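Turn these sequences into a full structure, and let the hints guide you.
Residue numbers (this note's numbering), protein chains in the order written: chain A, 2 to 258; chain B, 18 to 294; chain C, 338 to 419.
Heads up, some of the hints might be wrong.
Here are some, though not all, of the chain C residues that point toward chain B, as calculated from beta-carbon distances under 10 Å [as the list claims (entries may be wrong)]:
hint, residue
1, Lys377
2, Asn378
3, Gly406
4, Glu409
To be clear, the hints were calculated from the coordinates, so they are not data collected in a lab.
Bear in mind the structure is a predicted one, so any value in this text is a computation, not a measurement.
Just so it is clear, CB atoms sit at the ideal spot from N, CA and C, and this is done for glycine as well.
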Amino acid sequence: MLALRDLQAAFAALLEGEDQPGLFDAIVSDTISAPARLRVHRHHVAQSLTGALAATFPTVQAIAGEAFFRTMAMEFVAEELPVQPVLAEYGEGFPAFVSGYGPAATLAYLGDMARLDWALNLAYHTPMVPRLAAPDLAGLPADRLFELKLGLAAGSTLVRSPWPIDRIWQAAQPEAPEGMVSLEDGPAAVLVLRRPDDAAFASLETSEAAFVSALAGGTSLGEAAEAAFSVEPAFDPSTAFARLLALEAFAAAQHEA
Amino acid sequence: MKPVVGIGLRSPHLAEIARDRPATGFLEIHAENYLAPSPARGTLERLREDYEVSVHAVGLSLGSVDGLDEVHLDRVATLIRRLEPALVSDHLAWSVLTGRYFNDLLPLPYTEEALGVVERNVQRLQERLGRQVLVENPSCYLAFAHSTLSEPAFLAELARRTGCGLLLDANNIVVTAHNLRLDPGAWLDGLPVTAVGQYHLAGHAVNDADGEPLLIDDHGSRVGEGVWALFDEIVRRYGPRPTLVEWDTDLPALDVLLGEARRAEQALGIEANARAA
Amino acid sequence: MNSTRVAIASALAAALVLPAATSQAQGNMEKCYGIAKAGKNDCQTAKSSCAGTSKKDAQADAWVSVPKGACEKIVGGKLTAS
Numbered sequence: 002m003l004a005l006r007d008l009q010a011a012f013a014a015l016l017e018g019e020d021q022p023g024l025f026d027a028i029v030s031d032t033i034s035a036p037a038r039l040r041v042h043r044h045h046v047a048q049s050l051t052g053a054l055a056a057t058f059p060t061v062q063a064i065a066g067e068a069f070f071r072t073m074a075m076e077f078v079a080e081e082l083p084v085q086p087v088l089a090e091y092g093e094g095f096p097a098f099v100s101g102y103g104p105a106a107t108l109a110y111l112g113d114m115a116r117l118d119w120a121l122n123l124a125y126h127t128p129m130v131p132r133l134a135a136p137d138l139a140g141l142p143a144d145r146l147f148e149l150k151l152g153l154a155a156g157s158t159l160v161r162s163p164w165p166i167d168r169i170w171q172a173a174q175p176e177a178p179e180g181m182v183s184l185e186d187g188p189a190a191v192l193v194l195r196r197p198d199d200a201a202f203a204s205l206e207t208s209e210a211a212f213v214s215a216l217a218g219g220t221s222l223g224e225a226a227e228a229a230f231s232v233e234p235a236f237d238p239s240t241a242f243a244r245l246l247a248l249e250a251f252a253a254a255q256h257e258a
Numbered sequence: 018m019k020p021v022v023g024i025g026l027r028s029p030h031l032a033e034i035a036r037d038r039p040a041t042g043f044l045e046i047h048a049e050n051y052l053a054p055s056p057a058r059g060t061l062e063r064l065r066e067d068y069e070v071s072v073h074a075v076g077l078s079l080g081s082v083d084g085l086d087e088v089h090l091d092r093v094a095t096l097i098r099r100l101e102p103a104l105v106s107d108h109l110a111w112s113v114l115t116g117r118y119f120n121d122l123l124p125l126p127y128t129e130e131a132l133g134v135v136e137r138n139v140q141r142l143q144e145r146l147g148r149q150v151l152v153e154n155p156s157c158y159l160a161f162a163h164s165t166l167s168e169p170a171f172l173a174e175l176a177r178r179t180g181c182g183l184l185l186d187a188n189n190i191v192v193t194a195h196n197l198r199l200d201p202g203a204w205l206d207g208l209p210v211t212a213v214g215q216y217h218l219a220g221h222a223v224n225d226a227d228g229e230p231l232l233i234d235d236h237g238s239r240v241g242e243g244v245w246a247l248f249d250e251i252v253r254r255y256g257p258r259p260t261l262v263e264w265d266t267d268l269p270a271l272d273v274l275l276g277e278a279r280r281a282e283q284a285l286g287i288e289a290n291a292r293a294a
Numbered sequence: 338m339n340s341t342r343v344a345i346a347s348a349l350a351a352a353l354v355l356p357a358a359t360s361q362a363q364g365n366m367e368k369c370y371g372i373a374k375a376g377k378n379d380c381q382t383a384k385s386s387c388a389g390t391s392k393k394d395a396q397a398d399a400w401v402s403v404p405k406g407a408c409e410k411i412v413g414g415k416l417t418a419s
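Here it is as structure tokens:
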């Protein structure tokens with residue numbers, strides 16, 4: 002007789018794809034055999050986790066198709082099970098897996114689409130924190146503004162890619178208009194944000210992305226603008242900063258700047 | 018809670034329910050879908066102002082030999098504090114082992130050893146939540162040869178030792194009885210009446226296993242006629258209780274789900290629910 | 338502050354008094370309501386056939402399975418030429 006700990010270990014090993022003949026002997030077998038009964042559980046674990054990944058990575062599935070996605074996701078599930086029960090938090094390693102997945106090598110951009118899906122999923126499940134608005138900074142002297150460090154609101158992610166990921170995302174939507182996307186339209190950068198009722202993203206110019214990236218890294222507004230100038234001499238700090246404020250990308254200040 | 022009939026709140030119906038506020042006795046959610054502060058949880062918290070809520074956890078893993086995951090338990094406890102649900106439940110099953118979550122309600126052997134493990138976990142859960150929880154009979158696809166107790170005897174003893182309530186899922190009884198060659202009527206013998214706190218109803222599918230039908234608890238169709246018949250028997254023996262109609266796979270239009278709930282009200286012999294909103 | 342820095346500082350300050358373009362900026366975002374449909378802990382039991390449930394099966398399928406979806410709308414680039 003198996004002790005409960007040994008039984009659960011054997012069951013877990015079977016679900017992870019190992020042969021566990023000892024487990025067959027522990028199960029009542031009649032006209033339906035023990036292996037056939039155990040297959041119900043093996044099947045359910047694989048299918049339900051694959052389904053959860055499809056819900057978290059809808060763009061990847063739309064691009065690759067259901068059958069291809071299922072096969073790819075099943076391989077990921079076999080490699081990496083959830084470490085806790087909240088399935089919305091499962092799949093952090095999936096974008097890297099997709100990038101390295103041999104059969105998807107012809108879709109070089111697919112891993113970046115997975116990163117975008119994950120960033121949207123993350124934003125959706127992040128608390129909606131109060132945002133900074135332009136009037137909050139009114140009256141601040143220009144030199145203080147230069148030195149000001151602003152944090153992106155919780156749930157924000159900058160996703161940069163050598164491919165036009167914003168246009169690919171649009172083409173993968175169920176109601177997307179007909180038309181082709183050329184990979185030569187890349188690169189692209191998008192800023193993913195939590196919003197009151199959903200998650201969303203805005204496409205950024207290369208210089209805006211450099212600005213946001215520097216801000217996210219903790220540099221001051223002025224130095225972030227200098228970083229943006231270094232990639233694009235025509236960078237316009239007024240427009241870029243005003244746009245980010247309008248997008249409500251910054252968290253409300255915790256303390257006086 | 019009064020013996021009313023509720024429906025499972027599933028995200029494809031969320032916007033429609035938030036807009037139309039259909040009459041239903043309560044809304045039941047899966048705890049694990051609402052632990053993160055998403056817009057969907059915001060909607061649920063607004064619905065809570067108009068509806069009774071039941072929190073049905075699917076991932077506490079009451080049968081885990083390692084004990085409960087305290088991090089997950091804390092998150093569930095926080096949600097329960099926010100929602101103040103009328104009912105809280107999970108399953109007689111396990112789904113976690115040493116940091117791996119299998120997302121399945123895995124079967125337990127019904128032995129004294131397993132009873133001790135589940136007893137400890139249910140006690141810990143009730144202590145952490147500061148309230149009684151209900152434990153649901155699972156759908157079984159296999160039985161362990163070394164089980165020494167029947168499933169209902171295991172549940173009855175668990176309720177006696179921990180003071181937990183029992184959630185009787187009529188569909189799961191039908192599925193288990195078919196798959197393990199048991200008599201569903203006999204399954205109902207000898208449960209402690211006062212412990213029975215809630216009923217679940219759902220549809221199941223029929224699969225082929227080794228050339229024979231095996232019933233699968235997929236919550237993907239109307240409640241089967243065999244399940245309705247057993248439900249009548251349950252109500253006759255244990256009386257009316259809050260009852261949930263759940264549907265997860267191939268979700269129908271909300272009206273279809275509400276129609277199933279009306280049939281459950283008739284089976285319980287109660288008046289249609291007053292409009293909740 | 339050097340003159341470049343002064344110019345940047347005043348450009349940043351100018352952003353604060355630009356006509357509020359919030360609604361336009363928000364309109365330029367892609368909304369992702371689709372995520373809201375995901376009750377990922379809902380599906381309790383998969384019912385379909387028992388084929389292809391192991392890693393071995395998945396690996397065998399992988400190389401014969403061809404992506405077939407919106408990728409057909411995405412063209413160009415040296416990696417898709419083959």
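Quiz item: Which numbered hints are broken by the structure, listed smallest first?
Solution: 3, 4
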